[in-house]
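Asker: The chain contents come next:
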Amino acid sequence: MSDNKFKRRSFLKGSAALGAGVVAPTIFTRTASAYTNEPGDSRVVLGFNVPQSGPYADEGADELRAYKLAVKHLNGEGDGGMLNTFSSKTLNGTGILGRKVDYVTGDTQTKSDAARASARAMIEKDGAIMITGGSSSGVAIAVQSLCQEAGVIFMAGLTHSNDTTGKDKKANGFRHFFNAYMSAAALAPVLGKEYGTDRKAYHLTADYTWGWTQEQSMIAFTEELGWETVDTVRTPLSATDFSSYIAPVLNSGADVLILNHYGSNMVNSLTNAVQFGLRDKIVNGKQFEIVVPLYSRLMARGAGDAVKGIFGSTNWHWTLQDPGSQAFVKSFGKEYGHPPSQAAHTCYVQTLLYADAAQRAGSFNPCAIAEALEGFKFDGLGNGPTLYRAADHQCFKDVLVVRGKEKPESEFDLLEVFNVTPVDKVMYEPDNPMFAGGSLGKCNPGT
Amino acid sequence: MLKTTDNKDRLMMIAFTVAVLAAPVILAPFGAGYPDLMQRFAIYGIFAIGFNLLFGLTGYLSFGHAAFLGVGSYAAVWMLKLLSVNVIPAIIFAVVISGLFALLIGYVSLRRSGIYFSILTLAFAQMSYNLAYSVLTPITNGETGLQMDLDDPRILDAATAPGQLPPPSLFGLEMGDTHYLSFMGLDLQLNVGFYVCAAILILMFYISLRIFRSPFGMLLRAIKSNQTRLNYTGVHTRPYALVVFVISGMYAGLAGALLVCMDPLAGPERMQWTASGEVVLMTIMGGAGTLIGPVLGACIIKYFENIFSRVNDAVVSNWFSGLPDSLGDFFSAIVSPFLGSGWQMSLGLIFMLVIIFLPGGLMEGVTRLIGWLGRLFRSRNNDEDAETTSAKESSPDPHSSRPASPKES
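Residue numbers (the numbering used here), protein chains in the order written: chain A, 1 to 447; chain B, 448 to 856.
Chain A with its partners taken away, still in its complex shape (with noise of 0.2 Å):
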């Protein structure tokens, strides 16, 4: 036996040095390039990172019918879209400089985990010059986080939390859908004056960073108005049955349900308060309302009937009358059929903004677009004059404020816009408390 194990120690050092001596070459060598996923001359790829699964996958599906869309007017085909009505002339239809536009899709499963596998397969294997997607704060945070690390540029898609130009920005990340705060700025005055100054607000909240700010920001708000909180409970992402978070409510003196809920969280919490009656109670000699602060037409359409009268707040809403939307709307809609969502929107206008950013820099350097971008001020996207903050990377525009229709029209007709809150009501400091905690840092070319 002695004999056995010198020779399983000579071949376990020898194993050792065979692994010392492949590992050995990777120390000395990196590569040639000046930034991560250099493209070459006739073709560049973008990454699409977007839940396929998951309670955000109807709105997944939706930001990729619009970045589809997106590739196809950058490559000059078909009418062209916003591309004809945005402030800034210099894409044509020829790709982003000189270059086809490819892309690659990923499922992010609304899982930070595999959301941050696929998006660095898409920088691993496919040579992604650019991620953007998320229809989750705490996905898109964790994949913007991995963005900077790896030295590619990230546009944000769908997310609404505070962090994620507030404690969790990052130089290489950038948001044009607005957020928690603004949401709450917007919606607050609306709600005092249609149900008063004396209100009791119980808040159901998904449990993740969204949830926590969008609850923070309405409570803040609210708190403003004079309305006093009497409970916030927290509901976890995967739920899909909300009864048991209903029924505590009617008992706690509350007059108002205020839903931090989006995607089918809101979809099935919504339909459920309302199957419990709430809506018909009269509590402390008030009508009993629910507020859903981030409204988006696919999940109305999930609620049916029980977002009628029912107040809340969007980024941008598809009956808007300004050139941009409607060119959007049209090309959108003869591409798919239906009319588009305020996911599909933001994400068709953060390729825009990208390829455009690549154009004016004249570079696919992060850095370089990063410099690009920064208070970049444009307009004919939809949402009226914008700015890009270079303090915190966060979009400024107008924000609507929207009420479930009382007599919807057609499946898609079922949101009537309430009121434009112009900008500098919704504006902020970069140092607000409900942003402060992080900071940019530098921006990441990779290697």
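These are calculated hints, taken from the structure and not from any lab test. Treat the hints with care, since some could be wrong.
As the list claims (entries may be wrong) - Within a straight-line C-alpha distance of at most 16 Å, the following computed EDC-like cross-link-like pairs (lysine to aspartate or glutamate) qualify:
hint : chain 1 : residue 1 : chain 2 : residue 2
1    : B       : 528       : B       : 599
2    : A       : 167       : A       : 431
3    : A       : 442       : A       : 374
4    : A       : 100       : A       : 41
5    : A       : 330       : A       : 77
6    : A       : 167       : B       : 599
7    : A       : 125       : B       : 634
8    : A       : 442       : B       : 596
9    : A       : 72        : A       : 102
10   : A       : 407       : A       : 305
11   : A       : 286       : A       : 194
12   : A       : 167       : B       : 596
13   : A       : 89        : A       : 379
14   : A       : 125       : B       : 624
15   : A       : 167       : A       : 429
16   : A       : 68        : A       : 335
17   : A       : 167       : B       : 598
18   : A       : 72        : A       : 335
19   : B       : 528       : B       : 596
20   : A       : 442       : B       : 598
Said to hold, decoys possible - Footprint (simulated), chain B over chain A, 3 or more residues, beta carbon under 8 Å:
hint : region
21   : 100 to 107
22   : 120 to 131
Predicted model only: the values in this text are computed from it and were never measured. Just so it is clear, CB atoms sit at the ideal spot from N, CA and C, and this is done for glycine as well.
Once you have looked at the hints, place chain B on chain A.
Answerer: Relative to chain A, chain B alone:
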């Protein structure tokens, strides 16, 4: 007899080492030769090897092993945040913490066996998941996941470039560093992180092999075949089961730590029951109780998750673009539900086929194939020359030397 087993083991060990180290070459033609996926293969291989030590040897089916993976992940991120971006302290700390956690859970769960043990471990894992998800948010950062931050203390290496997050490294070797190489028309990506994982995988495989062959392993197998009889003969089995449970938990913690070292983020979904089920699937698909099976199973499941899920409609229609339009549409209509977001469906189908036709897992398939080839050779050679048969049969094929089932090994 002992001598031949040793020789076979040595052969298997060499073959395994070579295969793992040459993974970038082997995997590149399958589109899997990029660092992230290769790292995942190695890491989940370690996870499955550890799970197989418990399930394959003692037959105790733990449905909560992902909890240890998650605990290891969180422990490792905290080390990276507080101490240093060097991966060594992170790995050691994660293994120790997950070992202690396994001791705690194992001590309680191992008082029962069979389905009750499975349910207990599942309950503990779901409990840990919920703790990580909402209760312990200050430690775990909830659903968003725990990440490194610019203003982390990092006591041992505070002096880093301002405004940039230092990546995890091994004494200055960054895990993300990749060397690109052209080899026989293939673009190879030799990645530091992968070779760190690979070296650890080989070491862990070797430890697992020694445990399989040791008297301790023999006793664990006795627990599987008849625990009551062991008890009657005066052997107190629980300490043995607890030891292997803790070892298995430490393997999982190590895998969790490596996941974090390759990509510094730990999310609670790592501990969810689906993640626990995944490792059971890996082990059973590859072959429970075999040495190589779990690694093979891990590779297949991760391959499906990462490659099949990314095939979209455009790619599918591209495959059939050579065919006439109607025929191409027909084929893509059949194939596409199983690709892209339908990858779990095709994985499920394959899993069912394996369980029905190869109850011993894919390794049973390999053994059967080799046996069949051997018989084919024998019958052919019998006609020509009966003498050479024995020589062919004992050809040094690495797979044939691998035991097919726990009974044989």
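Asker: Which earlier hints turn out false for this structure, listed by number in ascending order?
Answerer: The structure breaks none of the hints.
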